[in-house]
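Chains as they are written, first to last, in this note's numbering: chain A, 1 to 361; chain B, 362 to 722.
Derived by calculation from the structure, the hints in this document are not laboratory data. Don't take every hint at face value.
As the list claims (entries may be wrong) - Here are a few chain B residues that sit away from chain A, every Cβ distance over 10 Å (derived from the structure): (1) Trp382; (2) Asp468; (3) Ala597; (4) Asp693.
What the hints assert, rightly or not - Simulated pairs of lysine to any residue, SDA-like, Cα-Cα distance not exceeding 25 Å: (5) B:Lys707 with A:Ala302; (6) A:Lys179 with B:Arg676; (7) B:Lys707 with A:Asp271; (8) A:Lys179 with A:Asp271; (9) A:Lys346 with B:Ala659; (10) A:Lys346 with B:Lys707.
The beta-carbon is built from N, C-alpha and C at its ideal position, and this holds for glycine as well.
Protein chains: 2
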Amino acid sequence: MNRITDLHAIVPAGGAGTRLWPLSRAGRPKFLLDLLGTGRSLLQATVDRLDPLVAGTVVVTGERHADAVRAQLPGLDAQDVLAEPSPRDSMAAIGLATAVLAQRHGDVLVGSFAADHVISGDFAGALEQAAVAARAGHVVTIGITPRGPSTAFGYIHAGRTLGLEGAPDARAARGFTEKPDAHTASRYLATGDYRWNAGIFVARAEVLLGHLSEQLPALHDGVRELARAWDTPGRAAALAEIWPGLERIAIDHAIAEPVAAQGGVALVPGDFAWDDLGDFDALAEHLVEEGAGADDGAPVLAVDAQRPLVLGADRAVAVVGLDDVVVVQTPDALLVTTRAHAQAVKDAVGLAREAGREDLV
Amino acid sequence: MNRITDLHAIVPAGGAGTRLWPLSRAGRPKFLLDLLGTGRSLLQATVDRLDPLVAGTVVVTGERHADAVRAQLPGLDAQDVLAEPSPRDSMAAIGLATAVLAQRHGDVLVGSFAADHVISGDFAGALEQAAVAARAGHVVTIGITPRGPSTAFGYIHAGRTLGLEGAPDARAARGFTEKPDAHTASRYLATGDYRWNAGIFVARAEVLLGHLSEQLPALHDGVRELARAWDTPGRAAALAEIWPGLERIAIDHAIAEPVAAQGGVALVPGDFAWDDLGDFDALAEHLVEEGAGADDGAPVLAVDAQRPLVLGADRAVAVVGLDDVVVVQTPDALLVTTRAHAQAVKDAVGLAREAGREDLV
């Protein structure tokens, strides 16, 4: 495993993960949680994974979480935690980090990696091919080999092989799609040409910023100006002036989709295990089916109840007559649902807000 | 509402109520619990109901619970709580209390009333007719007008009207049946001649003891001998000698069924509302459907979830995608089930025992 010495990792750490409530909260978001019981939070595991592979890592997070991020990552320089005054979606976060890295290091490679996904297997091999394709001028995404026709993820459509030396598996990315319905997902899988979109993008800093300049010049100019001020006493003033006006847009819409349409995006297949742990169904897949840690020691008495997922319980839990139930206890809340309803958990957070219980949100 | 001055109430207070676990425990049985949130336990509500209608009340309970019973019923004389050294089923309990009452008061009327049922409506009217029929020499049961073809209760088959002055509704009881299947229950209801068996029996003390002497002479002789020793210094010695040898049998099998077959049992219809609160389904009928108290103030966030029953929660409870769910929290246990599986809750208690968790039982 060789370090890619010209690649800097960007880890956008945002999003509350309301489908994992009551574990995740606005003030204690998913990326700070040790959901798999490994002893490391998802953010820590992400940085642990990247650290030996790249020249350095910056984390972009909300001001509210910056202290918690620094506390979880004592090995990171303070200057490598970039704090956003308010959420402006992934393009502003990644654009700012890219511009700051370009300002600090010149036209290095940058790669963005979500703070709250779980990856195991040969990640390094895919990253090396991605770096090769990025040096050649592509915006490179790593497309995950689908485990099944999931409707929970976006897909990337792979085209012709690029024939790059050092990146034999790199193909042109024909396009990106939103989460499909079940029929469409099955059709995608049958072609063999679709892969899951894990939100991993690798590119030369100036290539990425060049595309941003072309697609969204105001956003480009904003992050460039912020980057020039970032490591100076003028940072706060620049943030106050520029940040609130930046467009809220995801990098997928801002760059990946339009640049793919122009033929500028490459796809490197990722055959490693990947999950976004998006809800308790995904979490149960890891904790119940793979038995990768399971509950916290509270005894579970299951009567006519298959595959219970019990988390956080500080007392004995009996489940009677319910398959695939999800029981999650925290000091101030208790969630009872089933894996089939995992996506609807976010609506409980909405109800709590409507009930004036911001303390639960 | 006139007091029936020759009627003494016997309240057998036994049975853990394992289908109401984790609220009910071996050491904190159902009858001691305020399941309906009225501020009175089921035992207290039973005695409250009987007290203005009868000459006096005795409670028969296990030694383990005698102190708790006395504490809940400070208005009862200490001598009116009869403590059993070990459970010997309802015939021994009611037989002992009847013999003690006969010893103390002569051939009074006695009536047995479960400690853990809930009754509202015109109970007094039925009791008055029952007393009339009992004075005439019958063993009298009060048969509850069925609310539907329940498979959770035993039934009593009513025969010809007895034509008793003062008890115009009294009929001969042709027989008692165990809990029927759904088809049989529907057939029973279609005849109009079947009523639910609430375990209420009223008789002259000497009539009841006479039947016992005929059916089970050893059990009769045992409770008579215990009664003679009861209010003397010889009680403990008599209990130690006699109690362990008494036959374990329910009063239904010991007296009601054989005496009904001889034509000696009368049935008085009870048109009051009655329930044995046998499981969380029955409890939900009161707490959720009738809204008679419901949960304990913990907010319930229900997303795509009809009629949740949440009890004992000390934190917010979110239920997502489950109808008729039952969530019961105590300091050491959490139960998650549905009303349809309410009868299986007792199996969780069995699992706890198998797991060596006697503390949860």
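For each hint given before, does the structure comply? Return the numbers of the non-compliant ones in rising order. 1, 4, 6, 7 and 10
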